[in-house]
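Chemist: Sequence:
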Amino acid sequence: MNTHDFQQLISFLKDGDHINSVEETKKLQDRGYRSEEIIVNGIHPAMELLDSKCTSEQFNLLELMLAGRAVSSVIKLLFTDLESSLSTKQKVVVAALEGDIHDLGKSIVKIVLIGKGYQVIDCGKDVPVEKIIETIEKETAKAVCISGLITSIIPQVKDVKTGLIEKGFSDVLVLAGGAALKQASKEELNVDFVGQTAFEAAHFLQEKLG
1 MNTHDFQQLI SFLKDGDHIN SVEETKKLQD RGYRSEEIIV NGIHPAMELL
51 DSKCTSEQFN LLELMLAGRA VSSVIKLLFT DLESSLSTKQ KVVVAALEGD
101 IHDLGKSIVK IVLIGKGYQV IDCGKDVPVE KIIETIEKET AKAVCISGLI
151 TSIIPQVKDV KTGLIEKGFS DVLVLAGGAA LKQASKEELN VDFVGQTAFE
201 AAHFLQEKLG
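Read in order, the letters of the sequence shown are residues 1 to 210 in the working numbering.
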């Protein structure tokens, strides 16, 4: 595999060019690249570039929205392939907490986990802590992955583990990630793991859940 092959896709995604992002993804598929390879080598590096901008003075909401549309378009193209993967592992809930309307990171985590064989329940974005806990209870999920772009949701992140313990679900793993959350430690967020990437989260779940 030549990582140079993905530079054009990364550039299109970063620039928010959703049409060319999709066309470039199709070309990569035609060249034999699997969905996971495109995510790892194309989408993820582009997301890292966006994340770095979100935590600097270069932050631009319109730029982020356009890039988000491009990433979502590519994910939609790849999702059918990954959705057909056989789900043989435990259930995992993914969500962006109330007040956070950013769900790009959550979408990446969702796709990666599906590709790894987990059964993923997507609560969506702007989700109250109570709904997440209710979903975990209803689905008997073994873990929850929380993505966060804005620091204002940190108090809610801390409440997830506390709420689960109060409900008797202390064994449910709580993972956090995203531009705002990955700057903090697991102790500061009251979670079991803070991932710098979606793939680190998947690796942690693999170690803990199999």
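Just so you know, these hints were derived from the structure itself, not from any lab. One should not assume that every hint holds.
To be verified - With a Cα cut of at most 30 angstroms, we get these calculated DSSO-like pairs of lysine-lysine:
#1 91 x 208
#2 182 x 76
#3 142 x 186
#4 125 x 208
#5 142 x 89
#6 167 x 131
#7 186 x 91
#8 27 x 138
#9 167 x 76
#10 158 x 142
#11 14 x 27
As the list claims (entries may be wrong) - Pair ranges (Cβ atoms, derived):
#12 200 x 27: 42 to 50 angstroms
#13 167 x 20: 19 to 27 angstroms
#14 192 x 134: 33 to 41 angstroms
#15 183 x 208: 35 to 43 angstroms
#16 210 x 184: 36 to 44 angstroms
#17 208 x 20: 33 to 41 angstroms
For each residue, glycine too, the CB sits at the ideal point set by N, CA and C.
Chemist: That 33 to 41 angstroms hint for residue 208 and residue 20 (C-beta), does it hold up?
Modeler: 39 angstroms, holds
Chemist: Is residue 125 within 30 angstroms of residue 208, Cα to Cα?
Modeler: Holds, at roughly 26 angstroms.
Chemist: Taking 19 to 27 angstroms as the hint, is the beta-carbon distance of residue 167 and residue 20 inside that range?
Modeler: The hint (19 to 27 angstroms, Cβ to Cβ) is violated, given that residue 167 and residue 20 are roughly 47 angstroms apart.
Chemist: With a cut-off of 30 angstroms on the C-alpha distance, tell me whether residue 167 and residue 131 pass.
Modeler: 13 angstroms, holds
Chemist: Hinted pair, alpha-carbon criterion (30 angstroms max): residue 167, residue 76. Please report holds or violated.
Modeler: 35 angstroms, violated
Chemist: Assuming the hint says 36 to 44 angstroms, is it satisfied by the Cβ distance from residue 210 to residue 184 or not?
Modeler: 28 angstroms, violated
Chemist: Please verify whether residue 158 and residue 142 have alpha carbons no more than 30 angstroms apart.
Modeler: 18 angstroms, holds
Chemist: Run the distance test for residue 182 versus residue 76: straight-line Cα separation, threshold 30 angstroms.
Modeler: 26 angstroms, holds
Chemist: In this structure, is the beta-carbon distance linking residue 183 and residue 208 contained in 35 to 43 angstroms?
Modeler: For residue 208 against residue 183, whose Cβ atoms are near 23 angstroms apart, the range 35 to 43 angstroms is violated.
Chemist: Please verify whether residue 27 and residue 138 have alpha carbons no more than 30 angstroms apart.
Modeler: Violated, because 41 angstroms separates the two Cα atoms, which is more than 30 angstroms.
Chemist: Just to be careful, I want the Cα atoms of residue 142 and residue 89 compared with a cutoff of 30 angstroms; is the pair within it?
Modeler: Satisfied, since the Cα-Cα distance of roughly 10 angstroms is no more than 30 angstroms.
Chemist: Residue 14 and residue 27 were given as a pair; does the straight-line alpha-carbon distance stay at or below 30 angstroms?
Modeler: Satisfied, since the Cα-Cα distance of roughly 18 angstroms is no more than 30 angstroms.
Violated hints, listed in ascending order, are 8, 9, 12, 13, 14, 15 and 16; each of the other numbered hints is respected by the structure.
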